[in-house]
Amino acid sequence: MSDKDLQKTENVTATERIRNVKTFVPRVDIYEAKDSLYLIADMPGADEKTVDVELEKNILKIYGRVENGKIKDHALVFSEYEVGDYERTFTLSDEIDRDKIKATVKQGVLKLELPKAEKVKPKKIAISVA
Amino acid sequence: MFGPSILRMKRFADSIPEIIDLQREINKLFSNVGHGTTSDYPAVNVWEKDNSLVVTTELPGIDPENINISVTGATLTIAGVSKSDILKEGETYLRQEREMGHFQRNIPLPYQVDSKAVEAKYEKGILKIMLPRQQEDLPKKIKINP
Numbered sequence: 092m093s094d095k096d097l098q099k100t101e102n103v104t105a106t107e108r109i110r111n112v113k114t115f116v117p118r119v120d121i122y123e124a125k126d127s128l129y130l131i132a133d134m135p136g137a138d139e140k141t142v143d144v145e146l147e148k149n150i151l152k153i154y155g156r157v158e159n160g161k162i163k164d165h166a167l168v169f170s171e172y173e174v175g176d177y178e179r180t181f182t183l184s185d186e187i188d189r190d191k192i193k194a195t196v197k198q199g200v201l202k203l204e205l206p207k208a209e210k211v212k213p214k215k216i217a218i219s220v221a
Numbered sequence: 020m021f022g023p024s025i026l027r028m029k030r031f032a033d034s035i036p037e038i039i040d041l042q043r044e045i046n047k048l049f050s051n052v053g054h055g056t057t058s059d060y061p062a063v064n065v066w067e068k069d070n071s072l073v074v075t076t077e078l079p080g081i082d083p084e085n086i087n088i089s090v091t092g093a094t095l096t097i098a099g100v101s102k103s104d105i106l107k108e109g110e111t112y113l114r115q116e117r118e119m120g121h122f123q124r125n126i127p128l129p130y131q132v133d134s135k136a137v138e139a140k141y142e143k144g145i146l147k148i149m150l151p152r153q154q155e156d157l158p159k160k161i162k163i164n165p
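Which chain is which? The protein sequence lines are A and B, in order.
The C-terminal residue of the first sequence carries number 221 in this note's numbering, and the numbering is unbroken.
The C-terminal residue of the second sequence carries number 165 in this note's numbering, and the numbering is unbroken.
Among these hints, one or two may not hold up.
Now the stretches of chain A that chain B is said to cover, found in silico as 3 or more residues with beta-carbon under 8 Å [as the list claims (entries may be wrong)]:
id : region
1  : 115-124
2  : 136-145
3  : 158-168
Below, computed lysine-lysine pairings styled on DSS-like, alpha-carbon distance capped at 25 Å [as the list claims (entries may be wrong)]:
id : chain 1 : residue 1 : chain 2 : residue 2
4  : B       : K68       : A       : K193
5  : B       : K102      : B       : K160
6  : A       : K125      : A       : K148
7  : A       : K191      : A       : K161
8  : B       : K159      : A       : K161
9  : A       : K113      : A       : K161
10 : A       : K152      : B       : K143
11 : B       : K143      : A       : K140
12 : B       : K143      : A       : K113
13 : A       : K140      : B       : K147
14 : A       : K207      : B       : K107
15 : A       : K215      : B       : K107
16 : A       : K197      : A       : K207
17 : A       : K163      : B       : K102
18 : B       : K135      : A       : K197
19 : B       : K107      : A       : K161
20 : B       : K107      : A       : K163
21 : A       : K202      : B       : K68
22 : B       : K140      : A       : K163
23 : A       : K202      : B       : K140
24 : A       : K140      : B       : K140
25 : A       : K197      : B       : K68
26 : B       : K102      : A       : K125
27 : B       : K107      : A       : K193
28 : A       : K202      : B       : K143
29 : B       : K143      : A       : K197
30 : B       : K107      : A       : K191
31 : A       : K161      : B       : K147
32 : B       : K102      : A       : K202
33 : A       : K193      : B       : K143
Treat the hints as calculated values from the structure; they're not laboratory data.
Cβ atoms here follow ideal geometry from the backbone N, Cα and C, with glycine treated the same way.
Please work from the sequences and hints to get the whole structure.
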């Protein structure tokens, strides 16, 4: 564990919801492979039915809707974290092949595979001897 | 801040998140370290009903096999390890914000719990531990003889 801020960060720039819930910024890891970008976002409480991924031009938006996290008939006696939705927006620099984007949600973690479009993949150009 | 007498806060139960937030803000003002030390991870919420406690915590993407929960008397220990994807040759991280590595947290409970009856559930990245109070530890009603 690092000494990073371990508290959830509220997303103050997110558009306000009709439902009275807070919106948090999901923590993400992004890594780049030769053919794709991988984005992994922590969204505890969200599942495949409540996560939405939108890509408009090069703006990628991820949402996760989370139920209020209350336990029926129980009273909250001590609280260190709050429960709310997740929202985050990224600007992608590379052209992404939007038809081939794959998304999975497992154990509250969204994993996105964003394959690079054919035309932006680096092409090796053979040099012929003059 | 998390003393053994957490139930003392019960009368403010509805406003606890606000109070904790306020306390955190005040702590931040007086300390350069900021909030959230490793010993405070993972953050927990504690719920109560009659004579049982429920502890919930957000631990996204951790294999339940890598989470160890133990109860000794009135202390609950949550330990584990979160692992990141192993990158192949030529792959590089552009951003790394998720919590990775080992963690352990001891949580003092307001009373002894029946360690045999403790149950845990892991769903959608949220760990929920049900802790019933030990029968012998229940407050006894004392009859007053005339």
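Tested hints:
no. : hint               : result
1   : 115-124            : holds (count 7)
2   : 136-145            : holds (count 3)
3   : 158-168            : holds (count 7)
4   : B:K68 with A:K193  : violated (42 Å)
5   : B:K102 with B:K160 : violated (50 Å)
6   : A:K125 with A:K148 : holds (22 Å)
7   : A:K191 with A:K161 : violated (37 Å)
8   : B:K159 with A:K161 : violated (31 Å)
9   : A:K113 with A:K161 : holds (14 Å)
10  : A:K152 with B:K143 : holds (21 Å)
11  : B:K143 with A:K140 : holds (11 Å)
12  : B:K143 with A:K113 : holds (19 Å)
13  : A:K140 with B:K147 : holds (21 Å)
14  : A:K207 with B:K107 : holds (17 Å)
15  : A:K215 with B:K107 : holds (22 Å)
16  : A:K197 with A:K207 : holds (24 Å)
17  : A:K163 with B:K102 : violated (32 Å)
18  : B:K135 with A:K197 : violated (30 Å)
19  : B:K107 with A:K161 : violated (41 Å)
20  : B:K107 with A:K163 : violated (45 Å)
21  : A:K202 with B:K68  : violated (36 Å)
22  : B:K140 with A:K163 : holds (16 Å)
23  : A:K202 with B:K140 : holds (23 Å)
24  : A:K140 with B:K140 : holds (20 Å)
25  : A:K197 with B:K68  : violated (30 Å)
26  : B:K102 with A:K125 : holds (23 Å)
27  : B:K107 with A:K193 : holds (19 Å)
28  : A:K202 with B:K143 : holds (14 Å)
29  : B:K143 with A:K197 : holds (7 Å)
30  : B:K107 with A:K191 : holds (21 Å)
31  : A:K161 with B:K147 : holds (12 Å)
32  : B:K102 with A:K202 : holds (14 Å)
33  : A:K193 with B:K143 : holds (19 Å)
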